[in-house]
Each structure stands twice: as structure tokens, then as C-alpha cells.
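Asker: Listed here are the chains, written in short residue letters.
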Amino acid sequence: MKNFKIFKGLVRKEFLHILRDWRSLTMLLGIPIVLVLLFGSVMTMEIKDANIAVVDHAKDHDSKELINLISTSEFFKLVKYLDTSDEIDEEFKKGTIRMAFVFDKDFGYKLHHEGHAQIQLIADGSKILTSPSLISYGKIIINKHIASKNPPSRAGYYIIPTVRMMYNKNLNGRYMTVPGIMSTVILLVGALMTSLSITKEKELGTMELLLSTPINRFLIMFAKIVPYLITSFISALSIIWAAKYVFEVPVSGSMGLLLLNTVLYILTALALGLLISTFANSQLTAMMITMTLLMLPTEVLSGMTFPTDSLPVVLQWLGKLLPSTWFNIISKGILLQGAKGGSLFFETTILVVMVMVFYFWSVIRFKPRLQ
Amino acid sequence: MSQPEKAYSISVENLTKKFDDFVAVDKITFNVKKGEIFGFLGANGAGKTTAMRMLIGVLEPTSGKGEVAGFDIFKNSRKLKKHIGYMSQKFSLYDDLTAKENMRFFGGIYGLTNKEIRNRTKELLTHFGMEHIEKERVSSLPLGWKQKLAFCTALMHKPDVVFLDEPTSGVDPSIRRQFWEMIYETAEGGVTVLVTTHNMDEAEYCHRISMMVAGKMITVDTPQNLKDKYKLETMGEVFLHLARGYEKEHAITAS
Chain P
1 MKNFKIFKGL
11 VRKEFLHILR
21 DWRSLTMLLG
31 IPIVLVLLFG
41 SVMTMEIKDA
51 NIAVVDHAKD
61 HDSKELINLI
71 STSEFFKLVK
81 YLDTSDEIDE
91 EFKKGTIRMA
101 FVFDKDFGYK
111 LHHEGHAQIQ
121 LIADGSKILT
131 SPSLISYGKI
141 IINKHIASKN
151 PPSRAGYYII
161 PTVRMMYNKN
171 LNGRYMTVPG
181 IMSTVILLVG
191 ALMTSLSITK
201 EKELGTMELL
211 LSTPINRFLI
221 MFAKIVPYLI
231 TSFISALSII
241 WAAKYVFEVP
251 VSGSMGLLLL
261 NTVLYILTAL
271 ALGLLISTFA
281 NSQLTAMMIT
291 MTLLMLPTEV
301 LSGMTFPTDS
311 LPVVLQWLGK
321 LLPSTWFNII
331 SKGILLQGAK
341 GGSLFFETTI
351 LVVMVMVFYF
361 WSVIRFKPRL
371 Q
Chain Z
1 MSQPEKAYSI
11 SVENLTKKFD
21 DFVAVDKITF
31 NVKKGEIFGF
41 LGANGAGKTT
51 AMRMLIGVLE
61 PTSGKGEVAG
71 FDIFKNSRKL
81 KKHIGYMSQK
91 FSLYDDLTAK
101 ENMRFFGGIY
111 GLTNKEIRNR
121 TKELLTHFGM
131 EHIEKERVSS
141 LPLGWKQKLA
151 FCTALMHKPD
161 VVFLDEPTSG
171 VDPSIRRQFW
181 EMIYETAEGG
191 VTVLVTTHNM
201 DEAEYCHRIS
211 MMVAGKMITV
221 DTPQNLKDKY
231 KLETMGEVFL
241 HLARGYEKEH
251 AITAS
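These protein sequences, in sequence, are chains P and Z.
Numbering-wise (full-length UniProt numbering), the first sequence opens with residue 1 and increments by one.
Numbering-wise (full-length UniProt numbering), the second sequence opens with residue 1 and increments by one.
Some hints could be false.
Stated by the list, open to error - If the Cβ cut is set under 10 angstroms, some of the chain P residues that face chain Z in the computed set are:
| no. | residue |
| --- | --- |
| 1 | Lys-8 |
| 2 | Gly-9 |
| 3 | Thr-278 |
Read the hints as simulated data drawn from the structure, not as lab findings.
Just so it is clear, the structure is predicted and the values come from calculations on it, not from any experiment.
Beta carbons are placed, not taken as given, at the ideal position from N, Cα and C, and that holds for glycine.
Let's have the full structure, built from the sequences with the hints guiding it.
Answerer: This is how it looks when you write it as C-alpha cells:
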């Protein structure tokens, strides 16, 4: 009871710090949402009337029918007929087209006699955010066309669209980025907040004064978590709101489950910040450690921008040490795949273990005495 | 207070602190009576702050014995901390909180009830004529007032011993005088005061002083006795005389 009162006093003091320091308040509440809006709007460019070229080796009825369908759709605008596939590269480089369709020589013949024919869809893989959408729009038109030709009763002919990405072979899906940014931002801001708030007290000398009082070190550490959990949660809510309503990322799974896991993830970030503060004696050091340890690794190793299965095994294992790797799986699972709590049990457990390890490790390292 | 009545508030025997090979505090021995104002005098780097940090339980001593307010500094540092107040060399209250909020916070940490905190805050601020700064943010106060406030905060939980580490460095003379009046009033109330300084005028105000040179305590006595002994006018001269003598003696033995 007495400890609870002391704890309340500590938390009240932390809140006063936060409320009176408009810079950290802005950082806590403003920057995350601004970052997500920024990254998100780069990502969700509307695709309409994308310029395309067609290489029609067949020049038969079937190819013309499909080309007509493609060029009259709202997504594509046919700007050029090319004679050979070799010319495509040049058009891409000039920037006149964003995508090309290549029809096989015997397109119609193969379709009717062999039951399948090929169209090649070529897009610019370096335009990582739009090309996948272009490809999928192209596929949709082709598949619709096939479906309209095939009565459902008989297995008829079909077209196999083969897809080739130029310049960048591994692509991420369209909605991968918002959950990815969300996990990076929450982790960075959370870890920075707690690590800076403790190292600040070391710099000012108030930590020495705190250590000269009979206060329990568990309480000092725990009191640093509570206020930032609340502010980080508000900031996470604004990010989720932006994801859902501004970027229309589908929320296929349970929102409650997502929020619960977000709280857990915020706790992981804050506890990690505590741990960092036990290794740093100044705010500058704390910031350097947090940035080096989390910023680049989170972007590269946690599957946010690059698929992790193409990384060397050692880096994959390093990635597994990052909390964001697991939260990426959880948030993408819930948002995009509608995953239930049960199927995410493993990832959630890992986050729980991480919180415990970070917290207790930092309490052990946080010495009640100076050295 | 609940601790048994002891002859001494602080008693230290051969207390030593080593940082790797460097001996910061070298076998110091002294006793301080209840209600006494005891000064640690010495140049910067003489080991005053290190000695004080061991006595308040934030720094682990390497060897020796020590008891503060009836508690062993090795075994009972947690209990000891309840009975002492500390004012560090660097001003260290929270700048973004008001005077009252700082006092409330530290009172709370020592487990005082809200009522006790209210009464004690009012009592201290009124007693030392500081009521008007109650609602001021600490950052807006002049240094002298900050130091007086830090002293009040260190007294919130009615400690038996207060440790003041260079409390008046950088403070102008009139406020310094007021500060020493605060120290006297506190000591008269039965609180033991241990204060470090490198200001020789201030040394005259202490009941007894100890001089530290290079981690060693070279003398412990009242200012008057020291001046009589060496037939010198001021404490400054006494200090120079003793420090030079010590260094000379050491230079000879070392060569």
C-alpha cells in the first residue's frame, strides 16, 4: 500500500515531465502519425490510365479482342505498339510506359487447339509501390476475359499470364508498408522515450538523488513505463486509424486482438528502452544506441521492406531477435489475413518473453549504487 | 527517531575507496556527534565527495568500517537512507517542476502521508522565509534560492543526518550567509550536518573540521584550536600550511 503510494507519486512526476515538455509530447503524439501518413501516401498512389505498350506477335482475333479490353479499361492507356520485346527496355528507360503486354506468336491458335496460351506482363520492378498493382490489374482483366469465354460447366481453354519484374525481382504487396512503418515507429519512439527519460535523470544528477533515497529500484523503472505506455497507445491508435480510414488497409481480423497485441508490443519497446538506458550514461549515447540498434535493423531485418527469406541465415536469426519482426507477423496476420489469436500464439508468447527479459535484465543492471 | 541513542551520529574507521589502482579515499577515521556541524575541507579531487557518497549509501566502500545514524553503511544502506538527507554537488531537483511539487515528490518517496507532506512543506518554507517561491518553477529561480530549496527538500522527512556537498559553491555572499543560518538552525534542532567545502571562510562556521589531501584525512579539530596550534589568523592559512607541509613530507618520502 505504501509502495503503491510511492509509485503513484513517481508516475505523477513523470506525467508532469511529459506535459511540460512540449517537444517530447509532440514527438510522442505527432511524429508517428506524420511518418505513417507520409510513407502511406507515397505508397497508395491511385492507379489510373497507366501508359502501356503492347507487343502483339500473334495479331489474331483473340489477341486483338484482349488488347481492346485492356486498353479500354480505366487502368490502362495504350500508347504504343511495339514490334519486338527488345524495344520495351528502351521505352521503360524513356519513361513513356509503365507496363508492357507481350502476346505469344500463336496466341489464338494455341488457345483454341492446345487449351492454353501465354501473355507476358512486364512491369518496372524499381517502381516498387505501383508495379504490383499494375500487374494485378492486368491479371484481373485477363482472368475476367477467360471466365466470360468459359462456360462454368466445361473446363475450357485458359491463358497463363506469366509475370516478369524488370530491375527488381522481389516485390512486396501493397499493404505491407503501413503495418511495417507502424511497427518501426512504435518501437523507435517507445524505446527512445524510456531510455532518454532515464539518461536525462543521470545527466541532471537527479538519479543520484533518487539513489540516496530508500526507494526500490523496481519502482523507479516501472514508473517510467506507465506514462509512456499511455501516450504510445494513443499514438498507436492514431496510426491504426490512419491505416484503416486513410489508406484503407483492410482489417480482416479482430480489432480487439490487434489492440491487445499493440499494447504488448509497446511494452516491449518501452522495456527495451529501459535496458538501453542501463548501458548509457548520457542522452546522446542512449539515442545513438537506440538508432543504431533499431532503425536500420528494423527496416532491413524484420521483413518490413525486404522479404526475410532471401537473407543469409545469420541475418535471419538476428532479425528474429528484433521485437518488430514478430509484431510484423502479428499485425500483418490480423490486418491482412484475418488471423485469430490461436494462430498467433507463438509470436505473442515471444513478445511476452521479450518484455520479461528486457524488464528484469534492466532492473538487474540498474544498480542501486553507483560504481 | 526509533534508532537507539548513540554517542555518535557518524562514526567511521579506516574507510577506504579504491577505483582500480587509484585510492580516492585512504583510511579515513572520524566521529561526529549528534547536532554537530562537521566540515570536510579540501581541494577539488581530495576525496570529499567520494567519502560522502559512501556515507549516504550510494557508493560501495572498498574496506573499513562505518556507521551513520546507527546503521552500518555496508549492511544496512537501505535503512540508513531513510534517516539521512542529501544535497548533491550538482543542483539536482527537477527543473520543470515547481518548488512545492519537488518537495511533494521527495516527501512521497520517503513515504510521508499527504497530510505530513502538506504540513512539512509549509513549515519548512515558512521557517526559512521561502513561502513566495512555492508555486515557482525551479528553472526560474536564481541559484541561491535553488540551493535553499534543495536544502529544504533534503529536510522533508526529518532526517537525523544531512549531507551537504558544496552547497554554496557559486552562490553570492548574502545568500551564502542565509544558507549558513539555515544550517545553524537545523543543527540546533538536533540534526547532524556534514558539509563539504573548499571555501576557507566557510570552514570557520563549522564546529569541527577535517582536512583532506589526496584522499587522506590529515587533521580533525575545531577551527579555533587549529588556528591557535599553528599561530595563524585564518583557516585559509592553516589549510595552506598543512597541505604544503603534507606535500613536502610526501615528496621527501617518495624520493
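Asker: Return the status of the interface hint for Thr-278 (chain P): holds when the least beta-carbon distance to chain Z is below 10 angstroms, violated otherwise.
Answerer: 16 angstroms, violated
Asker: Return the status of the interface hint for Lys-8 (chain P): holds when the least beta-carbon distance to chain Z is below 10 angstroms, violated otherwise.
Answerer: Result: holds, 8 angstroms to nearest chain Z Cβ.
Asker: Minimum Cβ distance from Gly-9 (chain P) to chain Z below 10 angstroms?
Answerer: Where the cut-off is 10 angstroms and the nearest Cβ of chain Z is about 3 angstroms from Gly-9 (chain P), the hint holds.
Checked against the numbered hints given earlier, the structure breaks only hint 3 and satisfies all the rest.
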